[in-house]
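Protein chains in written order, with the working numbering: chain A, -10 to 555; chain B, 5 to 351; chain C, 967 to 1395.
Bear in mind the hints are in silico, worked out from the structure with no lab data behind them. C-beta atoms are modelled at their ideal positions from N, C-alpha and C, and glycine is treated no differently. There's no promise every hint is true.
Unchecked claim - Cut-off 30 Å, straight-line C-alpha distance, at most; resulting in silico cross-link-like pairs (DSBU-like, lysine-lysine):
hint, chain 1, residue 1, chain 2, residue 2
1, A, K298, A, K327
2, A, K117, A, K358
3, B, K137, C, K1303
4, A, K83, C, K1351
Said to hold, decoys possible - Restraint-style ranges between C-beta atoms, simulated for each label pair:
hint, chain 1, residue 1, chain 2, residue 2, range
5, C, V1083, A, A546, 35 to 43 Å
6, A, S372, C, A1090, 23 to 31 Å
7, A, A531, C, A1090, 35 to 43 Å
Stated by the list, open to error - Partial selection, computed: residues in chain A whose CB lies under 7 Å from chain C:
hint, residue
8, N526
9, A527
10, R547
The lines below spell out each chain.
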Amino acid sequence: MNFWSQARRIGAAVAVAVFVSLTVPMQSASAADYVPINGAGSSWSSNALDQWRRNVQQYGMRINYASTGSSDGRNQFKNGTVDFAVSEIPYGVKDGNSVDGLPSRSFAYMPIVAGGTAFMYNLQIGGKRVTNLRLSGEVIAKIFTGVITKWNDPKIAADNPSLTLPSRAIVPVVRSDGSGSTAQFTTWMASQQSSVWDSYCKAAGRPTPCGVTSNYPTVDGKGFVAQPNSQGVAGYVKQTANIGTITYVEYSYALKTGFPVAKVLNQSGYYVEPTASNVAVALLKAEINTDKGSDQYLTQKLEKVYTNKDPRAYPLSSYSYMIVPTATQNGFTADKGKTLGAFANYFLCEGQQQADALGYSPLPINLVKAGLAQVKLIPGVESSSVDIKSCNNPTFSKDGTNTLAKNAAMPSACDKRGASAQCAVGTGGATATTNPGAGSGGQKSSGAGSDSGAGAGTGTATGTNEGGTSATDEAGTNDTADGTGDGSSAGTEGGVVLGATAGGGPVSCDNDTGVCQNVVAEPITVASDSAWGTQQNAALIAVALLLAVIFVPPTIARLVRERRSR
Amino acid sequence: MWAKLRRRRGSLSWIGARRPVSVDSPRAIGTSRALSDRIFRGVSRGGGVTVLAIMLLVGLFLLIRAWQALSVSGWSFLTVSSWDPDAGAGHFGIAAVLIGTVLIALVAIVIALPVSVATALYISEYAPERLKKALITLVDLMAAIPSVVFGLWGFFFLQGAVTDIARWLATTFGWIPLFAVEGFDPSDPLGSMTVFTSSSFVAGIVVAAMITPIMTSIMREVFSQAPVGEREGALALGSTKWGMIRSVVLPYGAGGIIGGSMLGLGRALGETIAVYMIISPVFVIQPHILQNGASSVSSLIALRYGEASEFAMSALMAAGLALFLMTLVVNFVASSIASRSRSGVDS
Amino acid sequence: MVDASMSAARVVPDRKFTAPRADDPATPAPEPRRVLHAVRIADLLAVGGALLAAVSVTVVIFTTLTPFGGFYGFVAITGTGFIAFYSLLTWLDSDGQMVRDRIAAAVVHMLAASVLVVLVFVVAFTLMRGAEVLPFKNFYLEDMSSTGPLDPLTMGGIQHAIVGSLIQISIALVITVPLGLTTAICLTEIPGPFSRFVRTIVEAMTGLPSIVAGLFVYATLILILGMDKSGFAAAIAISIMMLPIMVRSSDVVLRLVPGTLREASIGLGATQWQTVRRVVLPTARSGLTTAIILATARGIGETSPVLLTSGFTAALNTDPFHGPMVSLPLAIFEFVKSPEPAMIARGFGTGAVLLLLVVTLFVIARIIGRQDASSRARRVDVFQKFVAGLKSAWAFLLRTPSLFVAGVVRPVLRAFAWVNRVFGRGGEK
């Protein structure tokens, strides 16, 4: 019964465990000429960095990267606890009222990997998944600011002439944690849709003008859902019950989750998908701030990317930076510089080959040039190896020809705005084609939409709605009155009214329209819980009777026996 | 009790050494402890002091880091419900977050308490001897399931299953404000089920699953210590098993039940990753537990620390401090209750 | 569902035994043994019947009477029905006291079963999602340093995380077990205002958000003291998490040691230290094991403190003081964030490995910490039988004079005796 001898034994066991674990042979010793380096930051870029880290392992480089978030990466770099940081946002950006000051150590920004902000969604028409949704920039901004709230909104219908979308509520899913994809999305919002964005920010209690932020502001009561991590938002949209959700996320998550992404309207009137080449084409217009006096020296200027006239360009394209030290301080040595330089040289050139497979987009020639110029500033780098001529990047050939601009596929004609029918081919990870409601009434009413185009959004609204609710008189008239009365806002309102009415009476709905197909086809338990009527009372009485039949006789028997025995 | 006993013994031995036993005169009562005892008491006090120092250091650290934000916000920190520290004073406060934390913890404890008392009783009183050990190991194992795994399970599996229950609750008990769900119309078949996801209720169930094993372990331990003599006495007096449990085991284990619950409540209040993975944070006071949108202090910290500025970090620390103080108060109340039970000491 | 021991409370003699005859005191009739744990056929029938009735009534309700649907509703109604039928059946031939007993037993069994079902679900969920990766040997023997997101499951593994977790939890245990136990002893054995204060603070600390522990270590050890992000820093953060739980749960079980035992020990002239060492700690032995297990469980599965303090690496690092070191929960956290299905499968596989590791550690801990007399007796029994068997064999061998065999067997027997002394503790009694 000696406790302490047992304690000694536990201690011994622990010691043995430590000893065993210590003597496990080292898997691979890093080569003598590269010292390990540590980095932290963006989770947006982590998939690419993870792959590159693995690839350079064979050269004896040991890169440790912790994807703890862009701001954490920047803070750690500032504090000198990491050798490099990866971030979507540069230092010195005003987020709300706080300004993230520049670090005291000297540093440079280097583009590392590009990608488009994809809009992954979960939507069904008549029990079949929609895979070819198209959205214009304005609609995206209005969806993510809670202005457009139903999928059958005339503005969405204007973008999708071949789809008759149900009157489901749109549930935008945003990031609940601070994140780089939010920063990239809001950069675009602030730049291209500033009025919508600012009024939303104001409602959320933020100071305006509302610029870039990595924490997506939410306004209570708008029905937004916030989830952490890209995996979180993608996983949420993926869940079967969550029909009607849409989120902004990296393209790779939509690909691997098997879900479609929305094609986004670009400046030249095409709806394009955020594929690797479309993003790279858009980024050919990326500019870099070359004003050495500015705080924003070497940071990205994406206005021209957003408005790139190339028909292939995906508007919401951007890239992330690696923040590298340019002096030996805060524990950064020339030896580490050698490793970092070689690593950077690898991923700017060779590493970009895998960007596509990883769900990113390779950096185009202009950004690679800018990046290589920064590599040379890293102390200890072997500058002789840094040469664009020996750069094996997929977007340009060794002689400097921009192969990407030459070879990238042009969008098909059906992706052009105003084409009579939109492409039915699936997007993102969902390859199935969408052909809902063929030969149904939905098709007819949508014809009006494609004729009128985007400019006449109101007209389209009326047409679609009328077609959808021909069965319900009340809604129809209500709607027409609104549609003819006012501008586009009234049309939206009409859509909302319709949604509520059509949803309220599934039985009276017309089977021919897309809306009603949807209602009928969905496995909905139009159950007892909807209303308490005679039927429910009857059921309750039946249950009560059944229980009475079972319980009363034995109870009486028992009571009787008790009385007798007394 | 201790001091008294030791004193008696110490002085007696001292007397015995000095004087013949027969002399019976007034004696000086002094405490002289053996060397081993003095070392023992010193060492264990030292342990207490070290732990206290560490814990106070953490508290102090929180206070120092929180000071910047607290000095800016002042009392508005307690009343404001939105969370936007970068927008300055009046734009961030813990009213919503703290209430959200309490709601999740309450849901968790309301579910976990009966379940873990029953499980502990089952293991200590009902389970066949052979099954017992396996069950103990199972429960311990459950306590070690990482919160990430619980979070994933809750997110991918439980959420879908629970929405049905939540829908039923909202439809049937919607007239109780706690179960009301805004924007949910039971008669609308196209109504989205998303209003029932990511709620305090779902998070609470997951947290309940996490704290049940801890609570069960402690309670089982305490129940199994209930004096055998009294159990036998109760049975011999003709009591049923349940009668014995009610009259012997439960009163004896009251301290354990409270202690275990408090341990569980502590974990429920402080749980980070699982809650973080499930809730959709909102920054208004959200008393509807079934409705999408919840908040908790620790998940707020986990969500925001990565992208927080210096000042926002300080605000997060202030939120952590508030949670710490709240836990302190709750525990203080609980320990004063627990000390009245038999298995709790009267310290 | 309701097992045999449930009816243990009802000590009903199965047969009438014959009383010893008074006229012949010299030769009393042997008293027949009574079976205390008798299962009455009526009990089983009541349980089975109630269950059958509940299920059938629920089926009738669901299929013909009402438009109810859903699995959970079915289970809930069946459960309620079972309780109702069971109490009715019991009530038919017993009194209210007994009905209450049966209802309580049924409720306890059902709730316990629900906990176990949830547990099995969570574990099965993890195992199922991770099943894809578990068969690969490389998953246990390699690290991720030469494996990227695009590589198949046949490459890379989590050796680095397993080793990292073991090292970190070992360091944390080395810190928390002595410190936590000493503090808990201080709280129970030296009561007073100081102890009360410590207890209150420690109890409040159990609610400390785990990420704050990480932030604390990050701000102090790493930023101020300039330590690397390392396994040691992570272990310190875990220790801060574990300490309050360790102290609190040992405090709860140490309080249970009856004061009479302490008084008896003091009465026999033992000093306080001797009392604690020889009486208090051994009495609370299994409880203290539980405390250590709970603290370990919390520490080994916690992600957030490690997130900030250990750094992240894909390579094996066995030096806790330098360079990043990954633990299993952190590896899970990073794996499941990835878009690649292979990485997510690795994440769940890591979860399964963590569970297996924990089970192993706990089983070992329970064996060491076993306290109840029956199991000790059984263990001693097994060893004694074993040794007795060997001894008889030895005696047999002695009778067949073969020096060679004796030369082999004697050392073996010595070894067994040693094993018995060390693990069985049968000899000490």
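Hint-by-hint comparison with the structure:
Only pairs whose Cα atoms come within 30 Å are accepted, and K298 of chain A paired with K327 of chain A is rejected, the gap being roughly 40 Å. Taking the CA atoms of K117 of chain A and K358 of chain A, the gap is near 46 Å; set against the 30 Å cutoff, the hint is violated. With a C-alpha separation of about 37 Å, the suggested pairing of K137 of chain B with K1303 of chain C is violated against the 30 Å cut-off. Among the hinted pairs, K83 of chain A with K1351 of chain C is inconsistent with the structure: their alpha-carbon atoms are about 78 Å apart, more than 30 Å.
Look at V1083 of chain C against A546 of chain A: about 36 Å separates their beta carbons, and that is inside 35 to 43 Å. A hinted range of 23 to 31 Å is violated for the C-beta pair S372 of chain A and A1090 of chain C, which are about 57 Å apart. The hint said 35 to 43 Å for the Cβ distance between A531 of chain A and A1090 of chain C, and at roughly 38 Å that hint holds. Violation of the interface hint for N526 of chain A is found here, the shortest Cβ-Cβ separation to chain C being roughly 11 Å, above the 7 Å cut-off.
Hint on A527 of chain A is violated. Least Cβ distance to chain C is approximately 9 Å, over the 7 Å limit. Checking R547 of chain A against chain C: minimum C-beta separation of about 5 Å stays under 7 Å; hint holds.
Hint check: violations occur at hints 1, 2, 3, 4, 6, 8 and 9; the rest are consistent with the structure.
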